[in-house]
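Line by line, the protein sequences are chains E and Y.
Counting from 0, one number per residue, gives the positions in the first sequence under numbering that gives the first Met the number 0.
Counting from 0, one number per residue, gives the positions in the second sequence under numbering that gives the first Met the number 0.
Read the hints as simulated data drawn from the structure, not as lab findings.
The reader is advised that the hints may include incorrect statements.
To be verified - What follows is a set of in silico ranges between Cβ atoms, one per label pair, in the way DEER data are often shown: (1) Y:Thr119 / E:Gly21: 15 to 25 angstroms; (2) E:Val255 / Y:Asp141: 42 to 52 angstroms; (3) Y:Val125 / E:Ala353: 28 to 38 angstroms; (4) Y:Thr123 / E:Glu46: 35 to 45 angstroms.
Ideal Cβ positions, reconstructed from N, Cα and C, are used throughout, including at glycine.
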Amino acid sequence: MGMTMTQKILAKAAGLDRVEPGQLIEARLNMVLGNDITTPVAITEFEKAGFTQVFDKDKIAIVLDHYTPCKDIKSAQLCLQAREFAHKHSITNFFDVGQMGVEHALLPEKGLCAPGEVIVGADSHTCTYGALGAFSTGIGSTDMAAAMATGLLWFKVPSAIKVTLKGKLQPHVSGKDVILHLIGAIGVDGALYQSLEFAGEGVASLSMDDRFTISNMAIEAGGKNGIFPVDEKTMEYINGRVNRPCEAFVADEDAVYDSEIIIDLDKLEPTVAMPHLPENTKVVSQVAGLPINQVVIGSCTNGRISDLRAAAAILKGKKVAPNVRCIIIPATQEIVLQAMKEGLIEIFIEAGAAVSTPTCGPCLGGHMGVMAQGERTVSTTNRNFVGRMGHVSSEVILASPDVAAASAIAGCVADPRK
Amino acid sequence: MKVYKYGANVDTDVIIPARHLNDPSPAALASHCMEDIDPQFASTVEAGDIIVAGPNFGCGSSREHAPLAIKSCGVKCVIAPSFARIFYRNSINIGLPIVECPQAAEEIQAGDQVEVDFATGVITDVTTGKSYQAAPFPEFIDGIIKSGGLLNSLKARGVAK
Numbered sequence: 000m001g002m003t004m005t006q007k008i009l010a011k012a013a014g015l016d017r018v019e020p021g022q023l024i025e026a027r028l029n030m031v032l033g034n035d036i037t038t039p040v041a042i043t044e045f046e047k048a049g050f051t052q053v054f055d056k057d058k059i060a061i062v063l064d065h066y067t068p069c070k071d072i073k074s075a076q077l078c079l080q081a082r083e084f085a086h087k088h089s090i091t092n093f094f095d096v097g098q099m100g101v102e103h104a105l106l107p108e109k110g111l112c113a114p115g116e117v118i119v120g121a122d123s124h125t126c127t128y129g130a131l132g133a134f135s136t137g138i139g140s141t142d143m144a145a146a147m148a149t150g151l152l153w154f155k156v157p158s159a160i161k162v163t164l165k166g167k168l169q170p171h172v173s174g175k176d177v178i179l180h181l182i183g184a185i186g187v188d189g190a191l192y193q194s195l196e197f198a199g200e201g202v203a204s205l206s207m208d209d210r211f212t213i214s215n216m217a218i219e220a221g222g223k224n225g226i227f228p229v230d231e232k233t234m235e236y237i238n239g240r241v242n243r244p245c246e247a248f249v250a251d252e253d254a255v256y257d258s259e260i261i262i263d264l265d266k267l268e269p270t271v272a273m274p275h276l277p278e279n280t281k282v283v284s285q286v287a288g289l290p291i292n293q294v295v296i297g298s299c300t301n302g303r304i305s306d307l308r309a310a311a312a313i314l315k316g317k318k319v320a321p322n323v324r325c326i327i328i329p330a331t332q333e334i335v336l337q338a339m340k341e342g343l344i345e346i347f348i349e350a351g352a353a354v355s356t357p358t359c360g361p362c363l364g365g366h367m368g369v370m371a372q373g374e375r376t377v378s379t380t381n382r383n384f385v386g387r388m389g390h391v392s393s394e395v396i397l398a399s400p401d402v403a404a405a406s407a408i409a410g411c412v413a414d415p416r417k
Numbered sequence: 000m001k002v003y004k005y006g007a008n009v010d011t012d013v014i015i016p017a018r019h020l021n022d023p024s025p026a027a028l029a030s031h032c033m034e035d036i037d038p039q040f041a042s043t044v045e046a047g048d049i050i051v052a053g054p055n056f057g058c059g060s061s062r063e064h065a066p067l068a069i070k071s072c073g074v075k076c077v078i079a080p081s082f083a084r085i086f087y088r089n090s091i092n093i094g095l096p097i098v099e100c101p102q103a104a105e106e107i108q109a110g111d112q113v114e115v116d117f118a119t120g121v122i123t124d125v126t127t128g129k130s131y132q133a134a135p136f137p138e139f140i141d142g143i144i145k146s147g148g149l150l151n152s153l154k155a156r157g158v159a160k
């Protein structure tokens, strides 16, 4: 019986020839990540347990991105705790305001994750790096403390769902529509305890940014991880960023999957997820015209340069509707600079949008776009749970940058193809 | 030992909304626990109470603040047909007992008096007189629980400095 990509990576990291689904293993970690919300809790546990040294100062990344630049005194205290720990332990990959970006856009950009590696992060969207053919998954703060101390963590080897992609995306349809469609099809626990293994000839047509968006939201289907095969686009992306040997694992021909889902990319339409679960999907035409108060374009899901280009192509020469606040948040400093060079920031500001320094901010209702009672946002982020972005009665509609930008102009949910 | 009952997909944002994550102290987390789906919960919950819920409990964020908030309220145990995997890990790691038992999760009602024997996995609904057998933890995970959490189990093995 063959193994999936995920199983092969975990077997190697555990020093085993093979692993079986359900097997409990201890794997060696290539990178351990935390942010300004989860790292302080991990530090407290690390110190309470009496640990005095980290396993490898080069294999820990601490990114202050959620409430930063700090929104209040309490969040500033959390950042202070993380900053002091990073300095005390000489953490190489510590990213503070000025260098930081939204963690899951930042780490690939900095070459801190590579094909075949095992990456854990105290943030559920750590599954993003599956786009590079890595095994990456979210953990909690106590796990992060253990991982920082030992460089090891236990895992249950997941069984898998194969997601076969066929064809090619149509204009104004992107990775976000692929993953929203998939979550709508299998539900928010459709891949619980399982890996999502993307495959098929359709993969080649997807840009790296599309793949990051898709892997990013594997957790929204309950998935442990969401992994893509390594191809020329992957190698082109890591070239110049990753300067260490890495290994592209290929799923065995006879790998075993619990089920297979086939997605015909040609047939996908712009898709949104209605409140209050990512599985409540509709094609955009079904809900077009629904009034909105705010648009957010950014986050670890859709704050990359292709996302900004897609939004700019729609906003260019147009104005954000008078009843809408449009907030655009490039995910990293490099993306801000690139957007400036390409004139995208000018397009956004001339359209009447606010452009922010990188932050997770409104995605989790932290700051920079929190909603009042009864308000509604079209957002390129990843969760639309009750109260996620503000008041308990506010609503989030998840969408692609194309849908979000078109909605900002229309003042209501809108189809970018019109 | 009264029961609070909730539906499917109780997410970490309603267990502890992100607006309160800027203060991870147990008392602060406990005071806001479940407030977006049950504003009365934090003021009425008592030590030893139990949460019973639908599938995929704890879905969403990796925030350990979620099981910490529940534990800090004095909740003795969460019973559900299934748990989101990060929440499951976090609960084991911090010592919040969680029990997977679909039949108990479906049949036990809000307000019932319920007892759980963690050694045997037997859940007893004292109100209805019915009992249920929960799935046991795998040996490895049981070892973490018995050591008093993940970090204690690592220290016992001497794998960190």
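Ascending list of hint numbers which this structure does not respect:
2, 3
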